[in-house]
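Engineer: Sequences and hints are given; from them, build the entire structure.
Line by line, the protein sequences give chains A and B. Heads up: the first sequence runs through residues 1 to 510, numbered per this note's numbering. Heads up: the second sequence runs through residues 1 to 510, numbered per this note's numbering.
No lab work stands behind these hints, which were simulated from the structure alone. Take the hints with a grain of salt, since some may be wrong.
Stated by the list, open to error - Here are a few chain B residues that face chain A, going by a calculated C-beta distance under 8 angstroms:
no.: 1; residue: Gly-41
no.: 2; residue: Ala-45
no.: 3; residue: Leu-62
no.: 4; residue: Glu-66
no.: 5; residue: Gln-106
no.: 6; residue: Leu-259
no.: 7; residue: Arg-283
no.: 8; residue: Leu-341
no.: 9; residue: Gly-367
no.: 10; residue: Arg-368
What the hints assert, rightly or not - Stretch-level coverage of chain A by chain B, calculated; a stretch enters the list once three of its residues show a Cβ under 8 angstroms from a Cβ in chain B:
no.: 11; segment: 72 to 85
no.: 12; segment: 157 to 165
no.: 13; segment: 338 to 348
Claimed, not checked - Which residues of chain B face chain A? A few of them, derived with a C-beta cut under 10 angstroms, are:
no.: 14; residue: Leu-140
no.: 15; residue: Pro-161
no.: 16; residue: Ala-185
Model, not experiment: these values are computed from the prediction. Beta carbons are placed, not taken as given, at the ideal position from N, Cα and C, and that holds for glycine.
2 protein chains.
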Amino acid sequence: MDYSLLFNAYAAQHGQQGWSRQRLLHACLRSAIRQGTLAAGTALAPSRALAEELGVARNTVLYAYEQLASEGFVQCDRRGTVVAAVPLQAALAQSAVPLAQAGLSQRMSNLRCSQPAAAPGGVPPPASQMGAFVPGVPALDQFPLAAWRRLLERAWRSLTPAQLNYGDPAGESPLRVAIADHLRAARGVVCDATQVFITDGTQSSLDLCLRALADVGDTIWIEHPGYAGALAAARGASLNVTGIEVDEEGIAPQPDDWLLRPPRLIYTTPSHQYPLGSVLSLRRRVALLDAARRAAALIIEDDYDSEFRHDGAPLSAMQGLAADAPVVYLGTFSKTMFPSLRIGFVVVPVALAPGFAQMRAHASARGRVGEQLALAEFLHSGQFARHVRRMRRLYRQRRDALVMAVQRHLGARVTLQGMSAGMHLVLCFKDESWRDEVISQQLLAHGIVAEALSAKAVQGGLALQGLVLGYAQVPAEQMDELIRRMAALLPPETTATARTSRRAQRKVKA
Amino acid sequence: MDYSLLFNAYAAQHGQQGWSRQRLLHACLRSAIRQGTLAAGTALAPSRALAEELGVARNTVLYAYEQLASEGFVQCDRRGTVVAAVPLQAALAQSAVPLAQAGLSQRMSNLRCSQPAAAPGGVPPPASQMGAFVPGVPALDQFPLAAWRRLLERAWRSLTPAQLNYGDPAGESPLRVAIADHLRAARGVVCDATQVFITDGTQSSLDLCLRALADVGDTIWIEHPGYAGALAAARGASLNVTGIEVDEEGIAPQPDDWLLRPPRLIYTTPSHQYPLGSVLSLRRRVALLDAARRAAALIIEDDYDSEFRHDGAPLSAMQGLAADAPVVYLGTFSKTMFPSLRIGFVVVPVALAPGFAQMRAHASARGRVGEQLALAEFLHSGQFARHVRRMRRLYRQRRDALVMAVQRHLGARVTLQGMSAGMHLVLCFKDESWRDEVISQQLLAHGIVAEALSAKAVQGGLALQGLVLGYAQVPAEQMDELIRRMAALLPPETTATARTSRRAQRKVKA
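Structural biologist: This is how it looks when you write it as C-alpha cells:
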C-alpha cells in the first residue's frame, strides 16, 4: 500500500477545505476502508512508520487510528492496527432499492400538487412572484425598521443567561398580555392573556389547531374559494375537507351541509373573506355561532388583515360576539408588521386554555425571548397602533388609486369585489369565456403578478373567473400605468359584454 | 331608555381601558343590543338628541351608529336608526352544548398523558424543573452573548425592506451553506447546501419529517427507552409507534421486528443514544443501513449532542457512512448554542431534496432573515467552533467531577452509563427493587432535579431503573456536594447489593 500516494490524492481532493492533517488522514483512511482499497484484515502501517512516510507527526497518525478504532473501522490485535471485518462494501454499495420508494408521504405529495398558498397566514409566493399585486405582503419599505431594531437591541441587552433557555411553551408572558390588551381594545375580542398562545405565524397556528382540535378523518369546512394555506394544513393533519361556497355575505353553508357533512372545524375569514373580500354579515355570524354550538363544532376565525378597513373603523371579531363563543381566533403580525418576523398567535376559548397549555408543553419548543419581549414593547408603547393607523391611510390611498385605474382602463370588462378592507381586491371578468389562469400566466410573462382566482379553489373549479390583486406594496402613483399595461394585455371587450355592460350602465343611471 | 345611565354605567366599567368616547359609546350600545336591553325594532334616539343627552359631540354618536350599522346591529329606516331584528339573545345565550364536547382531539389528548419531552430536540422541562441535572440544557452562562448580540445587530442593520418579506422556504442560503460546510468538516455528513432545510428546532424538524415521509398508520420505530419528543411527534403525525430495545451497542432491532413490524421510518440517536448514552456500533450501523434499504425505510438520525464527545474526537454521523444513505439527518443549535435561539435543520438525501423544497413552499412560512444571517456568520467566522471546543472541555470537566462524586458517594448502589459523550449520563440502580419515579419525586421535593429513566419508556415499562443526570449546567465544584446530598436521600445499600458489589470489586481486582 502506497500511503503517500493515497494520502496525497485524497489531500489534493479535499485539502482545500481547511482540514487539519489529522482530520485529512482519518478521512482518507476511512474512505479507503469503505471503498475496499484497504480490505478487511489488512494490518495498517505502524504509526511511527506511517508518520515518517507521510512526513507528519506521529501524534497525527495516532489520532487518526484512534478515531478509526472508536468508529469501529479498525481493531487492535497482536499484528497491530487491523482493518475490521465488517461487510462494508457489500452492504453500503447496494443502492439497488431506489430511495424514491421510501420517498414523500402521500399526504405531502398531495400538497405539492396544489397551488402555493399566498395570503392569510403566511406562505411565501415563489421567488419569481415578488412584485406588483402579490397579495398578502404589506408595504415593507414603510415599516419603522430602525425603531424596531432599537427595541430588539434593548430586549437582547436585557436578557439574562436563564432567558436563553427554553421559554414558556405558551409564549412569553409580557407578549401574551400585550396581545390580549390589543385584541380587547381594537378587535372586540373577549379574552385574557391565559387564552393567548404565541406561534411562529398563521401556518403554525393552523398546524397546531387542526391537529389539536380534530382527529384523522374528521371534517373541516373551508371557504371555497379560500386560503390554500388552510387547505395545506388540513391535508397535513389528515382531515377531510369540505369546501363551503362563499357569497356576498361571506361563508354560506346550506342545511344539507350541516346534515350530511357535519364539521368538527370551520375555517373562516369573516372580517374580509379570503380571497373574495366579503364581510360575513351579522345575521350569518349569529347563525354560524348557533349552528356550530349545536353541532359541537369549533369555528377557526382567521382575522388576517382586519386592521385595515377602508370604509369605517375595523369590524369587531366574531369571537367577541357571544360570551364563551365556540371560536378559536387566529392573528398574525405578518400583515401589520412584516412577514419575516414570524410571530402569530391563537386565542382559544377559556375551557380549552388549560388543555392547550399542557399540550404545548409536550409538543412545541419555545424560545425567541428577545423577539417576543421586543414585540411586547412595540405593542405596549403604542408604536404598533401608530404604524397600523399610518398603513391604513396608505393602503386606502392605494386602493382608491387602484379602483380608479381599473374603472378607467378596464371598467367595461371587469367588476370589482372585496374593496372595503384589507390589502387586496378581486377583479372579476364579465366575459365568462376568459380563463383566469391563462390570463395570469400571460400577465406574469410581461412582469405583472396577478394571481388567478381559480388558484384559490378549495374543491372543484370556480364559476367566477378573475384576478386577485394585492395593492399594499404598489405606490398610488404607479397604479394607473400598471393597470393601463394590464388592460392592453387583456382580451378586448366582446360585443356581448359590451352590450351587457351598457345595459348595466343604463340601469345605474335610471 | 335612559341613555345617560346606560352609558355612565358602561363607562365606569370599561373607561379605565383608555378607550375614546366614540369607542365607548359604540361598545355600550352593542352590549345593550346583545343583552336585549335595546330590543329588536327599537328606534335609537336621533343622533343630535343623544349627543346632547350624553354631553358628547354629535360626530361621536354618528360614528357609533355607523359602526353598529356596518356590523349589522342596527338598520336605517323611515323611523331613523333601528335595532335590527336578528335573533341575537336566543342564539348567543345558548351555551347549552358545553364547549368541552368540541374539545381537544384524541391524538393530542394522548400526548397530554405522556411524559414531557426533555432532551434531544427541544421541548422544555416544566418551569419547576429548571436547575441542577435537567438534561438537555447547555451551560447558558458560558454562551458568548455579547458577541452574538453584535452579529445580530450587524445582520439587522444590513437588512433591506425586501428581506422583511417571506424568506426562502428552505432557509436563507448563506446559513444553508455554512451548515453544510460545518457538517461535512465536523460530522462527516455527505451533503451540499441544497439538501439542508432550516427549521425552528428539532421538534419542528420531526413534525416536518414525520408528516412528509410517512402516512397515517405507517409504522415508525423509536428507541426504547427513547426521546419523548419523537414519540409526541409520531402521535401528532398519527403514526403507529413500535419501541425497539436498546443495548450497549445502541438500537437493536430483531429479525422479527423487520418481518412483523416493518418500519417506514426509524428514529435513532446513534452518536449518543438518548437516554442510555450507548454509541451505535459500526457493525450495527452497517446492518441498519442495509436492512433499511431492503425494507425501503428511511432512518432519521437525530445527532443532538454529538459535538460533545469526551473520549476522543466526535464520531462521524451515520449519514456519511454510505453514498446515498437512506438517512435524514437532524441537527440543532439548542445544545451547541442555546435553546431559545430556535434554529435547527434537516439534511435530506439528494433524491428527496426537490420534493422537500416544493413541499415547504406550500406548508411552511419562513423568515427570521436577520437571525439566520447572524448564525451563518457565527458559523463562518469560526466563533461557533471555538465555543463548541470550549464547551467540550468544560463539559468533560463537569462529567469527570460528576463521575468521581458518584463513585465516591454512590459507588456501591449504582452503575454509570453513557458517559462518553454529550451532556448527560445515566445512573442505574443496582437494587432492582428501587423505583426511579418514586426516587425522582423524592429528590425533586428536596430541590434536586433528576429525571427518572422510566419516564423515557416508549412502550411498556423498563426493567432498568435509574436517573438521567444532565451535567452541562452544573459547575464541577458543586458536584460533590450535590451528589452527597442525593446519596443521603437515596435508600441505603442493601445486603444483597453490597454482596454483589463486593464480588464485582474482587473480580475487577483479579
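Engineer: If a hint holds in the structure, say so; if it does not, say that too.
Structural biologist: Against the structure, the hints come out as follows:
1. Gly-41: At 15 angstroms from the nearest chain A Cβ, B:Gly-41 fails the 8 angstroms test, so the hint is violated.
2. Ala-45: violated, 21 angstroms
3. Leu-62: Violated, about 11 angstroms.
4. Glu-66: holds, 6 angstroms
5. Gln-106: Constraint on B:Gln-106 satisfied, holds at 5 angstroms.
6. Leu-259: Cβ of B:Leu-259 sits 17 angstroms from chain A, so the hint is violated.
7. Arg-283: holds, 6 angstroms
8. Leu-341: holds, 6 angstroms
9. Gly-367: This interface hint holds because 3 angstroms falls under the 8 angstroms limit.
10. Arg-368: holds, 5 angstroms
11. 72 to 85: As far as the segment 72 to 85 of chain A goes, the hint holds, because 3 residues have Cβ atoms under 8 angstroms from chain B.
12. 157 to 165: holds (count 7)
13. 338 to 348: It holds: at least three residues are needed, and the segment 338 to 348 of chain A offers 5 whose Cβ sits within less than 8 angstroms of chain B.
14. Leu-140: With a minimum Cβ separation of about 4 angstroms from chain A (threshold 10 angstroms), the hint on B:Leu-140 holds.
15. Pro-161: holds, 4 angstroms
16. Ala-185: Constraint on B:Ala-185 satisfied, holds at 6 angstroms.
This entry does not satisfy hints 1, 2, 3 and 6, going by the numbered hints stated previously.
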